[in-house]
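Residue numbers (my numbering), protein chains in the order written: chain A, 1 to 319; chain S, 1 to 352.
Calculated directly from the structure, the hints in this document are not laboratory data.
Cβ atoms here follow ideal geometry from the backbone N, Cα and C, with glycine treated the same way.
Check before you lean on any hint, since a few could be wrong.
Said to hold, decoys possible - Reference listing, derived: stretches of chain A covered by chain S, where coverage requires no fewer than 3 residues with Cβ under 8 Å from a Cβ of chain S:
| id | stretch |
| --- | --- |
| 1 | 71-84 |
| 2 | 117-123 |
| 3 | 138-149 |
| 4 | 173-187 |
| 5 | 268-277 |
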Amino acid sequence: MIGYTLRRLGYGVVVMCLVTVFVFVIMRLVPGDAVSLQLQDTGVSKEAADALRGEFGLDDPVWVQLGEWLAGAVQGDLGTSFYNKEPVIDLFLARVPVTVQLGLLAMLVGTALGLTVGIIAAVTRGSVTDSALRVFAVAFLSVPNFVIALLLLTAFALWFAWSPPLVYAQPTEDFTSWAQQMAIPVFALGTGGMAAVARLTRSSMLESLGSDYIRTVRAKGVRERTVVLKHSLRNSTIAVLTLLGLELATVLGGTVIIERMFGLPGTGQLIYQAVLDRDYPVVVACTIFYAALFVITIILIDLLYALVDPRIRTGKALS
Amino acid sequence: MTEKLTLTGTRPVSPAPRPPRGAALRRGLKALRVFMRSQPLGAAALLLICFFVLVALLAPWISPFDPLEQFRRDILEPPSGTYPFGTDDLGRDVLSRTIHGARTSLIVGVTTTGVSLVLGTMIGVTSGYFGRGLDLVVQRVMDAVQAVPGIVLLLFIAVVLGPSVRNTIIALTVVITPSFNRIARAETLRVRQEPYVEAARATGARAPRILALHVLPNMLASVLTLGSLIFAGVIIAESALSFLGIGAPPPTPSWGLMLSEGVRYVERAPWLIIVPSVALSIAVFSFNLLGDALRDHLDPRLHRSATDRVTGLWWGRRMLSRLAPSLVRATEQNVSTGGAAGGAPRPSEPPR
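Based on the provided sequences and hints, a complete structural model is requested.
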């Protein structure tokens with residue numbers, strides 16, 4: 001198990017290095033930098049601009065910049081924003097909570113709804129309810145999350161003359177305002193996951209409901225509800241868990257557009273603005289954060305798997 | 001004996017009988033008929049797609065107004081006889097803009113999917129067939145592109161190049177090509193070991209001939225299936241970029257742009273949101289449905305949807321399978337037993 005864990009972690013580190021180098025290189029290779037963008041209309045002399053570039057270290061070769069950045073990153077210094085000269089780490093930490101709240105809540109809502117829909121569909125297999133729920137799931141899988149958010153906004157505005165507050169409030173300060181603002185984004189981001197979870201739950205529960213051990217449990221005279229919720233569902237949760245890890249990627253990608261739409265000050269907004277401003281240190285830090293979050297989740301779920309299923313960690317049987 | 005040998009040796013080699021003209025077309029039509037019969041949902045999706053393509057192609061003739069013409073006296077008009085879907089804040093006809101929006105989506109979808117399909121397949125096939133150093137270098141580059149979160153790369157390229165339809169296509173192509181490379185390479189590695197490729201090589205066929213006659217036709221199914229799903233993703237991505245203001249520039253009729261312009265008038269003019277949303281969703285839905293049906297039809301054993309769809313734009317499959325092998329395996333197993341598009345659960349595979 002220890003060897004297995006180390007191997008997974010090793011691959012994770014390799015992937016992160018690849019991401020870092022790649023992001024760094026493309027950031028610097030493209031034409032147009034933060035300095036020329038900031039000084040565009042100010043008529044500052046070329047010398048002053050060059051001096052500014054020197055200050056940011058933009059005139060060094062790419063690999064020197066990469067080395068310096070890495071040396072700093074190891075010590076917890078992710079550089080300074082080119083734009084407002086604040087340390088990236090501060091900018092970043094101020095915005096992480098919003099994205100984490102959004103992402104976690106969205107995944108929670110998506111999983112809860114998806115499991116419910118999936119269980120109902122599996123239990124009522126072949127009935128009208130089942131077909132309706134399945135069509136519903138496929139439809140939700142096809143509507144982009146920002147469109148769902150827009151449609152919800154429209155519906156609330158039309159029927160209840162209500163629209164979410166535009167200024168973000170900390171949940172600790174003004175909980176109602178926070179809840180009102182988060183409701184639509186959370187739901188919109190959660191639906192994609194919901195549809196995927198529902199489909200997977202249905203198919204894996206159908207599989208387990210038809211298996212021998214369920215027949216045995218039924219033969220024992222266990223109540224149907226216990227059969228479904230305890231024996232069948234428990235066996236399907238591991239599949240759903242897998243999907244959730246992968247779903248995180250979609251949710252994080254979605255936060256960029258949703259946060260912008262609803263004025264939520266999260267990392268999605270930060271990265272969008274940073275890309276517009278060519279604020280390299282911020283873009284690099286955000287990209288690496290997103291990638292790292294994904295890699296860590298994947299590894300955690302994988303290890304969980306290995307813990308549950310000894311065949312995987314010994315690397316035999318399934319291959 | 002010797003006479004016989006010379007005889008066969010000198011006998012003019014009779015050319016293989018040429019297939020009659022139009023045989024390929026007939027074969028294609030037959031395959032289509034079989035597909036439509038076995039996959040009714042796929043047939044429905046195909047019809048929807050035909051409708052979408054027709055609307056896009058015939059846009060200038062079927063739309064009631066010029067999508068850019070501003071009727072200043074009819075600003076934010078609700079749906080009526082003159083304007084079936086109302087007008088926007090500049091007095092432009094929403095129906096005409098939606099019809100022309102299909103055109104924008106189709107142009108971006110076809111070009112992006114087409115270019116990245118051809119490019120990715122070529123890279124994947126070459127890399128997979130010749131292997132060794134070339135493979136190592138090419139695949140590392142592809143890994144690196146896929147390792148960056150798709151949305152970030154997309155944002156970045158779109159911003160650097162500036163907002164235009166052409167640049168949206170370029171950005172999306174860069175992000176999507178590795179997906180096709182991945183599947184083409186995997187398929188090449190599979191086909192390369194088949195006896196018929198070995199036989200072809202033994203008869204002295206050269207690499208280009210083997211690739212064109214044996215490898216490519218045998219991977220077409222997987223590539224086309226992925227193409228359909230990718231097409232749906234491209235339509236979403238195009239509208240998302242336009243929505244963020246870094247895709248199609250303002251006067252262009254694009255669904256994403258229409259949505260972002262309509263947000264301000266949610267209460268006064270909900271049709272500005274509803275009409276493009278429905279159009280976008282139906283287009284995406286039909287391509288997703290077609291992809292699912294194609295996969296079921298072409299290879300019932302191959303159900304990678306959950307892993308592939310989620311990781312498609314994000315991560316190299318190889319990378320993912322190294323990071324988390326059990327995860328990939330588990331998703332595949334679970335999805336493969338359930339039947340993605342529905343239907344009865346398939347008998348689970350015997351343990352290997």
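These are the hints, each one checked on the structure:
1. Only when three residues or more bring their CB closer than 8 Å to a CB of chain S does the claim for the stretch 71-84 of chain A stand; here the count is 0, and the claim is violated.
2. Check on the stretch 117-123 of chain A: 0 of its residues sit with their Cβ under 8 Å from a Cβ of chain S, so the three-residue criterion for coverage is violated.
3. Coverage of the stretch 138-149 of chain A by chain S holds [criterion: at least 3 residues with CB-CB distance below 8 Å; count 8].
4. Here's how the stretch 173-187 of chain A fares: 0 of its residues keep a CB closer than 8 Å to some CB of chain S, so the rule of at least three is not met and the hint is violated.
5. Judged by the Cβ-Cβ criterion of 8 Å, the stretch 268-277 of chain A is covered by chain S as claimed, because 4 of its residues qualify and three suffice.
When each numbered hint is compared with the structure, violations occur for hints 1, 2, 4.
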